[in-house]
Every structure is written in structure tokens, then in C-alpha cells.
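**Student:** Chain by chain, the residues:
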Amino acid sequence: MANSNSALVTKLLLIVVGMFGFGFALVPLYDVFCDITGINGKTNETAAVYFDGQVDESRTITVEFITRTHTGMPWEFRAQTKKVKVHPGEMNMVEFYVRNPAHKDMVAQAIPSVTPGQAALYLNKTECFCFNSQPLAAGGESLMPMRFYVDPQLPEDIHFFTVQYTLFDVTGNGTDDKQLNNPFLTSFSDN
Amino acid sequence: MSKATEIISPEHGAADAHDDHHEHHIPKGLMRWVLTTNHKDIGTLYLWFAFIMFLVGGAMAMVIRAELFQPGLQIVEPNFFNQMTTVHGLIMVFGAVMPAFTGLANWLIPMMIGAPDMALPRMNNWSFWILPFAFTILLASLFVEGGGPAFGWTFYAPLSTTYSGDSTALFVFSVHIMGISSIMGAINVIVTIFNMRAPGMTWMKMPLFVWTWLITAFLLIAVMPVLAGAVTMVLTDKFFGTSFFDAAGGGDPVMFQHIFWFFGHPEVYIMILPAFGIISQIIPTFSRKRLFGYASMVYATTSIALLSFIVWAHHMFTTGMPVAAEMFFMFATMLISVPTGVKVFNWVATMWRGSMTFEVPMLFALAFIVLFTIGGLSGLMLAITPVDFQYHDTYFVVAHFHYVLVTGAVFSIMAAVYYWIPKWTGRMFDITLAKWHFWCSLISVNVLFFPMHFVGLAGMPRRIPDYALQFADFNKWISLGGFAFGLSQLIFLAVMIKACRKQGEPVSDQVWDGAEGLEWEIPSPAPYHTFETPPVVK
Amino acid sequence: MKQLGICVLKAWTTLVLLVAGATASAAGSSEVSALNLRRGATEISGQVYDLHMLMFSICVGIAVVVFGIMFVSMYLHRKSRGAKPANFHESVKVEIAWTVIPFLILIFMAVPAAKTLLAMEDTTEPDMTVLVTGSQWKWHYKYMDRDVEFYSLLATQREQINNRYTKGENYLLEVDRPLVIPTGQKVRFLITSDDVIHSWWVPDFAVKKDANPGFINEAWARVDEPGIYRGQCAELCGKDHGFMPVVVIAKEPAAYEAWVNEQESIRQQAREEEQRLLAMNMSMDELMTEGERVYNATCAACHMPNGEGLPGVFPALKGSPMALNDMQGHINIVLNGKTGTAMQAFGKMLSLKELAAVITYERNAWGNNTGDMVQAKDVNAVVNGE
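As given, the protein sequences belong to chains A, B and C, one line each in that order. Sequential numbering from 1 applies to the first sequence in the working numbering. Sequential numbering from 1 applies to the second sequence in the working numbering. Sequential numbering from 1 applies to the third sequence in the working numbering.
Quick caveat, the hints were computed from the structure, so don't treat them as lab data. Note that the structure is predicted; figures quoted are calculated from it, not measured. Among the hints, a few may not be true.
Said to hold, decoys possible - Some chain A residues well away from chain B (every beta-carbon gap over 12 Å; in silico): (1) Val49; (2) Phe51; (3) Thr62; (4) Lys85; (5) Tyr97; (6) Asp105; (7) Glu141; (8) Glu156.
To be verified - Simulated pairs of lysine to aspartate or glutamate, DMTMM-like, Cα-Cα distance not exceeding 25 Å: (9) C/Lys84 to B/Glu521; (10) C/Lys318 to B/Asp166; (11) A/Lys83 to C/Asp378; (12) B/Lys498 to B/Glu359; (13) A/Lys104 to C/Asp378; (14) C/Lys186 to C/Glu121; (15) B/Lys435 to B/Glu359; (16) A/Lys83 to A/Asp31; (17) C/Lys377 to A/Glu141; (18) C/Lys348 to C/Glu292; (19) C/Lys251 to C/Glu43; (20) C/Lys79 to B/Asp509; (21) B/Lys476 to C/Asp240.
Ideal Cβ placement from N, Cα and C applies to all residues, glycine included.
Based on the sequences and whatever the hints tell you, model everything.
**Tutor:** See the structure below:
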């Protein structure tokens, strides 16, 4: 009896430990889930490679850009192009203006979000300022480029989508720190 | 359903001698309770603890209802109001309902399966005694500077991380302890049921209370660790610079909700499956007829438990999900109503052509069936995504889960206590007072929760300390119902104190006319040690 | 006792039926019901209402049948009536029947639900877009195609909330600057947040979407009738969650156009005024009077009217080192807010004059008495990093 008890308790404790681990495993799993379903309009955090496919001239997609700065972020941040009409498969470039009015050098990180969420899966960025954090000297200004194409696989019912960038102040906790702090979110890379 | 044909029960006929014998093992006074490893003592501790927490959480509900009695801010500040709703929820879920069910499991499972005690008695002692510490910490956090947790019992990030007070650390610590206690309790239940059934007590002969608790215990060990993970992430996000739920660091606040509800939805069933078990014991007794569809009850319980893992996101339809995900969670949620319906139909079929009497436990059980079904039906309405956009985070939801948890879980616990307490004390409780308790509770609970459906549909959001004028009339009624329901529980307290002082008529071993099962074949009151030699179940 | 029980339970069903009847009869009107969901002002909200009534009727139907059988059984099969218990305890046929029938009912419910859901998730190009940003405890509206943006705050006076004045008709459901949208056009709402999660809810549009910090959600409405539509924040967002209403005014397109043009010119004038102010100095009295007004409207919710804050939650300004010494830091934190706290960036919300006044007020009220005066040009210098 005592033996079979401890064997069973061991098994049950393994389940408990496993489920505790599973709770944390939900973090990367969630990202995978987002990649598949486009929850929250998360876009890829690494550069896509431009494909050699056919540009679909028959469809025109309107892409809208919105910029915001988070609380505590004094930077000026705006999209030079507010709206652009593109054909799926066609390579495009848009630029974003930033200025750091503060008296100190700062580092910013832009976080993208797309709506409707499914469109995020078909927005392929070959180059984006959001892939890494952006330092700017006190009083400095800059134009940040973003190159993208819309995957021709974009569902027929989507003609229009919006990309939002929110600029966060990450001065003093650069990309490396972030990776150290959060072992589950290591996908930011300097490419 | 299964009769023990032969019980080798040494207590029978030689009670005096054996009482003396057992006196040696039972320390007197406080230390008896601190050191006890006896399943009956621990069951009693759990039940009294749960009742005290029920009164404490209830007192907080009274503060909430007093503030909401009329529009305007009268009694408390909004920040304190939020602490009240938060701690009320945490206490009722983790301090009242769950420990009460664990207490019943401790008392009843060994007696129902013919075991001398729980399988792991020392762990049993620990799993109870860490609970008072957990709740002392939680309640103490209300008195630290900045107040206690004020982010709702669901502690959504980033309100609970970046924007919360320092007492969040205490909150996390206490939730960890509650989780450890629940997990230890669940392991004990599983090991007891697997290894300590009397000879002949096969799986499909087990009473339904034992079955539902077994499934509940598996749910507990599956999801309590996920809750522990969620609070740990909140802790590290708040104090150690991680960014699981912070967009600036690549995290996502919506992910918190996914993790929380992955725990949270099974948790809902943790609080209702044992109730199904209790009702399935009580209805046959007072209908004097075997439970209809025993096997389908077991299968229905299992399928509810399994489905509970794939419906979590129905709590989050408004967070912005792709249509496909919304459809999936809508359909999966609707599906749960099928096995739940089977249970209700089985209970009604058990009553059909029975020979019913309406003793107090039966009254509570019948009220459970009707009122729980109302809660279930509003749950079905909430599953429909497009209309959930209107219901979500309104008082309609508050009405729904209070029907399921108060007139569901809590009524079933009261039914269980009235049903089994004569066996525990050997005396019948004060029936007149108990009937007062039932009728006062039944009427007041509906005055309390039914109008919440209306204010919710009319547009009153949850968790607000003040409201627009068109909700004023109903809120007055809701508050009056709340005060009446709160006072009604003092009658329950009186009945329980009288019962524990062993006032009342002695009862027979079977206690209730139609009661069947091993626990009704041992003497009343149940001796300190039962089934030291296992009974043989034919 | 038993009779009483049956009576109560019967009364119960009657009540349910009455409610069903009452709500069904209210279905035709667009009046706001005290008992039921409203039909609302858009085609979608009408569909949602119909769906709600359908689900409600099915649920009441199921309840009547199940409870009916149960009560009949409780009446007929009582021991006191001499009922003898039957012996049956299982029937595969019956079990299958009551698994399959509910399943069919569910399918019947799922079809219209899926249809409405698909209609709601229409992502075609809208006629106009408003960016809705929640923050503790107000909404910000920005018209994406026009030069109009503003904060929308609760307009109910503190004295009404504290029961010193009589409460007005739209108590807690009124704002200083409502969102204005045109009727008959597809208006898209992009919804996001600056701090915690909020939820933007207008019951009349059947729109409730969470505002998640760092992420964006969308919803839309095509409002049929001009009118004032009121809602509230629906996700617990901290202390004043109950005090951040949503008010939307729908106007005929022509009236809307006139309104937007007016707003644009007001903004233009305000900018010119601001430039003029840079050259002017306000007196201490002017600054303090204006500062007190701004402070009570925007700062007092957290820092409290007496400047003492809420210990452990919101810091005190009275006697704080920043308010007493560090003027640059003070201007900076008011302008840009502080990351990771509830302190917001008021540079987006207040004019330079208001900012100057409120900072001056904070440095001189409640015995802080620094004697510092902050002028619009001082604030502007910090904005421009000069």
C-alpha cells in the first residue's frame, strides 16, 4: 500500500510540475498560436525575404499607418505616408520621422500591431525599424524606413488594413537586457 | 446503489470500550486540532474554515452592496471598493467554496469507499493548516499602505503588474499557498480513491460524489500549477523586470488572459463538479429510487471536464480575436450544455415516479436544480459571441456566475452539510431553524441575483462603485436582497453551532429513510475511526 | 410546507414568463429598456437584439419544459400522496434522445449566431476612421482623416457624485466633449490604450472592444438615426473605472461636416493663440486661478484635491521634492508622463497655458509656496528640447 501510494504520488507530482512548466510554455506557444491565427495583429519580428512571385495587379490594397508614442516617451513620431495603395506582391517603402526633443540620448523600440489581425500574417517586412531598438542623440532627428510587400495569398475579403507603431522608451534596458530578462522572448534580432 | 453486505465494524456494540481505547490517540484541546491527521477532524476544520471565510467574504459583499444601495459615493472610496470586489472574489472562490468541498471530501470519501482514512494523513494536515496562513496574508494586505489587491480576482495585467500597489507581492504569495494547499488536497483524494477502496468497491460502484471529486482532483492538479505560473509571471513582471505581459518588451497583455482563463475555466468546473456529485447522492435518497443513468452521469462529468480545457477564450471575446477563433470557442462552449443537460435530465428522471419527501437537504437540492439550471441557461446565452459583446462585463455576467456559484455550489454545500451532519454528530439538526434558513435564503438569494440580469441587460457594467440613475431602483432591491441573504446565513450559523453542541434527537444509523451507501451503515455518530478493517462490498 | 414550495416554484415560472412577455412587447421600440437589451441604432445592433431574444426564448422554453416536468413530478410522486417508487434506473433510448435533441437545438442556435458574427466582422474599407485611445480614466478621439483630436472626460460634477448636489438626468453618462460621427456612413473605430486595458462600449451600436496597450483593435458602426448614444468603459481599469463614460453624437452628414470644419478652425485658432501666448507673461493670480481649475479637472483624481495623493498608490505633491525643487523635472513629467506608472503625458492633453498654470499651481498650493512662476514659454522650451 505505502509503495503504491508513493508511486502514484510521484506520478501526480510529475503532472503538477509538468503543468507548472506548461504554464510557462504557453508563452512561446502563444506566439506560435499568434503566428498561425494573427491574434492581436502581431507581425513577424524578423525580416522577410522578398519572394520571386507574380505581382497581382488585379487587386489594390490600402495600407494605413498610425503612429503613437507611449506614456513617458517625449519623442515626436509620425508616418510620412499616412496611407498607401499597393498591389499584392509589389515591393513598397514608407518612411517614419522621429525626433528626440529631450536633453539626453534615448533608445526607442517600436512595437507593431495590425488590424484586422489576419492581415498581419500577410504583411511581409523585408526591412523595418521595429526589428531593433533605435537610438537617437539628444535633439536628433531621423527618417526610419520600412520596406514591405503584401503576400498575394491575402484573403479576398481584405482590401484594407491598418498598421500601428507604438514607440516605447527602452533607454537603459536595450535589446540585450530584454533578452536576458525574458528568456522566452528572444526573437528580437539585430539583422 | 451498492450495499455493503458485511461490515466488520468493531465499533458496533462495543462503543464504550473502544471510545476509551481511542482516547489514548486523541490529544485534547487545541493541539488535537493542530496535530490531527484524522480525516474527520480535518474535514471538520476545512468546513469551519470555509464557513468563516464565507462570512468574511460575505461581509465584503455587504460593503459592496451597501455602497451600491443608491447612486453616488456614500461609504467607501472607489479604490477600497475595488479591493472589496477583488478580495470578495478571491475569498469566496479559494477560501469558501473550494475548502468546503475539500472538507466534504475528507469527511465522506473514506466513509463512502470503505477506507479507514485518507491515504496521506500527514500531508492532509499540512494542506489544511497552510490555508489560514494564506488568507491571513491576503487579508493583511488590505491594511498595508496603498491597500490590498484592487485589480479584480482575475488580476488582468498590466493593471496587476505595472499599475498595482506593492501589496501585489503578498497577493501572489497567498495565491501560491492556496494553490499548494489545493494541489496537496487533490493528490490525497486521487491516491485515496485509487488505492484505498474496500474490496468489491469497483470503479462503477463508486458513489457519484466520489466520482465527481476524482475528476475534480485531476482538474485541480492540471490547472492549479498554471495559475501558479500566471501569478509568478505577474510577480516577475512587476518586481523583476521581465515583460511577459508588457508590449514594450515584446510581451502581450492579452496573453495573460489566455493563461489565466486556461486555468480559470476548468476552475469553474472544479467548483461545480463536486456539487453535481452531492445532488446525485441526495435526489435518489429522498425520491426513494435509484439514480437514473449512473453510467451516463460518470461519462457526462468526464466530458464536461475534458471540454473545460478548450473553451477558455469565451471569457475574452472582446479582446479582439480572429473570427475563426471566436466561432470555435462559441461552438465548443455551446457543446458543454449537452452533458450538463444530461445531468439535469437524469436528476429529473430520478425524481419521476419516485416517492418523494422534502426534508431540508432535498429542499436545497431541488432549489439547486432549478437555480443552477437558470445559471446554466444564461451561460448558454453568454456563449453566443455576437450577443456576448453586449453581455460581457455587465451585471448579466455577475448574475450568471452567482446563480452558478451561490445557488449552485454554495446551495449544494449546504445541502450536503444538512444531509450528512446527522451522521457526523449523531443528532438531528434543528429542523425548524433549518427550514427557516432554507426559505429565507431561497427568497433573498433571488431578490439579490435575479434583478442583476435586468440591470446587466440594460447596460450596467460590473465592478463599478457608482452607477447611472436608471439602475437605481433595481440596485436598491439587489442590495436589500443581499442584506437579507447575508442575515439568513446567521440562521445557518445558529443551526451549525447547535448541531456541533450535539443538541437534538439522536438519529438511527441510516438517518434518512432512503439513504444507501457505506457511510449510512456505520453507527451514528460516525466513530473517530471507521473501517479499520475494510468492509466487503458485494 | 410542500404545497408552499410548489407555489413558490410556480410563481417563479410565472415570473420568468412575464419577463419574457414584457421584453418581447418592448421589442418594437428603440426605447432604452430598464429590463432588457436595447435594439440600438445600427443594423448590427438590431440583429444582435433579435439574436438575443431568440436565445432568450429558447432558454425560457427549455426551462419551462424541464421545470414543468420536475414540478409535476414533485406534485404527483410525493410520498404523502401515497406514491410508490418505481424501479427503473436507466434507458439507453431516453439517454440518446436527450443527448441528441439538445444538440439539434444547439445547431439551430449556432446558425444565426454565426451569421451575425460574420456580419459584425466586416473588414471592408470604411468611410471614416476614428482612433479611440483609452487611458486612466478618459477617452481620446482622433479623426484619422481630419485635423481634429480631443480628450473626452466625465462631465458630472464631483459634488453630484459626493451627494452634495442633486444628480442630473445623465449622471455619470455625460462627457465634456462627445465623439461626433456622421449618420449613414461606415465609421471604423481603431481602439487602443495608453496604460491598462479598457473596453470601449456603446450598447446602441453593439460595439464593445478592449483597448489593449500597445495593440490595436477595430470595430465599426453605421448609425441610422441622429441622436446621442451613451456607454461606459467595460473593463476594470483601476480606481475610476466607473467614471469614464463614452458619449457619441450622430449627426446628419451635412451637420457633421460643418462640425468638423468648425473644430478644425478652432484648433487652428488655438494654435495661433498659443504662439501669441508665448510672448506674454501671466500674473501669479491668473496662473493660480487657472491652475486650480486645471488641477481639479485633471490631476485631483489621483493626487487628490489636497495634493496629498493616496499613500502607496499615488504620490503626494504637497511637500514633494520635485514640486519644491526640480522645476525642469516637474515640467518634464507633466508633459511626458512617467513610464510604468499611472502618470500620463499631459503634454498631449493640455494647452501650454494650462500646463504652465497647473505646474505653477502645484508649486505654490498647499503650503508648497515656492513662489515659482512657470510661463507658457518655459513649457514650450521643454517641449522643443531647448
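**Student:** Give a verdict on every hint.
**Tutor:** Evaluation of the provided hints:
The claim that A/Val49 lies off the interface holds: its Cβ sits roughly 22 Å from the closest Cβ of chain B, which is beyond the 12 Å cut-off. Even its closest Cβ contact with chain B, about 24 Å, leaves A/Phe51 beyond 12 Å, as expected for a residue assigned away from the interface. Even its closest Cβ contact with chain B, about 20 Å, leaves A/Thr62 beyond 12 Å, as expected for a residue assigned away from the interface. Once the 12 Å rule is applied to beta carbons, A/Lys85 is consistent with being away from chain B; the minimum gap is 25 Å.
Its beta-carbon lying about 21 Å from the closest one in chain B, A/Tyr97 satisfies the requirement of being farther than 12 Å from that chain. With a closest Cβ-Cβ approach of about 18 Å to chain B, A/Asp105 is found to remain outside the 12 Å limit, as its non-interface label requires. Every CB of chain B lies more than 12 Å from the CB of A/Glu141, the least distance being 22 Å, so the non-interface label holds. At roughly 14 Å from the closest C-beta of chain B, the C-beta of A/Glu156 stays outside 12 Å, upholding its exclusion from the interface.
Restraint check for C/Lys84 and B/Glu521: satisfied, since their Cα atoms lie roughly 24 Å apart, inside the 25 Å limit. Only pairs whose Cα atoms come within 25 Å are accepted, and C/Lys318 paired with B/Asp166 is accepted, the gap being roughly 22 Å. The hinted pair formed by A/Lys83 and C/Asp378 fails the criterion: a straight-line CA distance of about 36 Å is larger than 25 Å. For the hint linking B/Lys498 to B/Glu359, the alpha-carbon distance of about 18 Å falls within 25 Å, and the restraint holds.
Taking the CA atoms of A/Lys104 and C/Asp378, the gap is near 18 Å; set against the 25 Å cutoff, the hint holds. The hinted pair formed by C/Lys186 and C/Glu121 meets the criterion: a straight-line CA distance of about 13 Å does not exceed 25 Å. Annotation: proposed proximity of B/Lys435 to B/Glu359 holds, straight-line Cα distance about 9 Å (limit 25 Å). With a C-alpha separation of about 28 Å, the suggested pairing of A/Lys83 with A/Asp31 is violated against the 25 Å cut-off.
Distance restraint check for C/Lys377 and A/Glu141: the Cα-Cα separation of roughly 22 Å lies within the 25 Å cut-off, and the hinted pair is therefore satisfied. A threshold of 25 Å between alpha carbons decides the hint, and for C/Lys348 with C/Glu292 the separation of about 19 Å falls inside it, so the pair holds. Using a Cα cut-off of 25 Å, the hinted pair C/Lys251 and C/Glu43 holds, with the two alpha carbons roughly 17 Å apart. Of the supplied pair hints, the one linking C/Lys79 and B/Asp509 holds, its CA atoms being roughly 22 Å apart against a limit of 25 Å.
Of the pairs offered as hints, the one joining B/Lys476 and C/Asp240 holds, with about 22 Å between alpha carbons and a cut-off of 25 Å not exceeded.
The structure fails hints 11, 16 (numbered hints given earlier, in ascending order).
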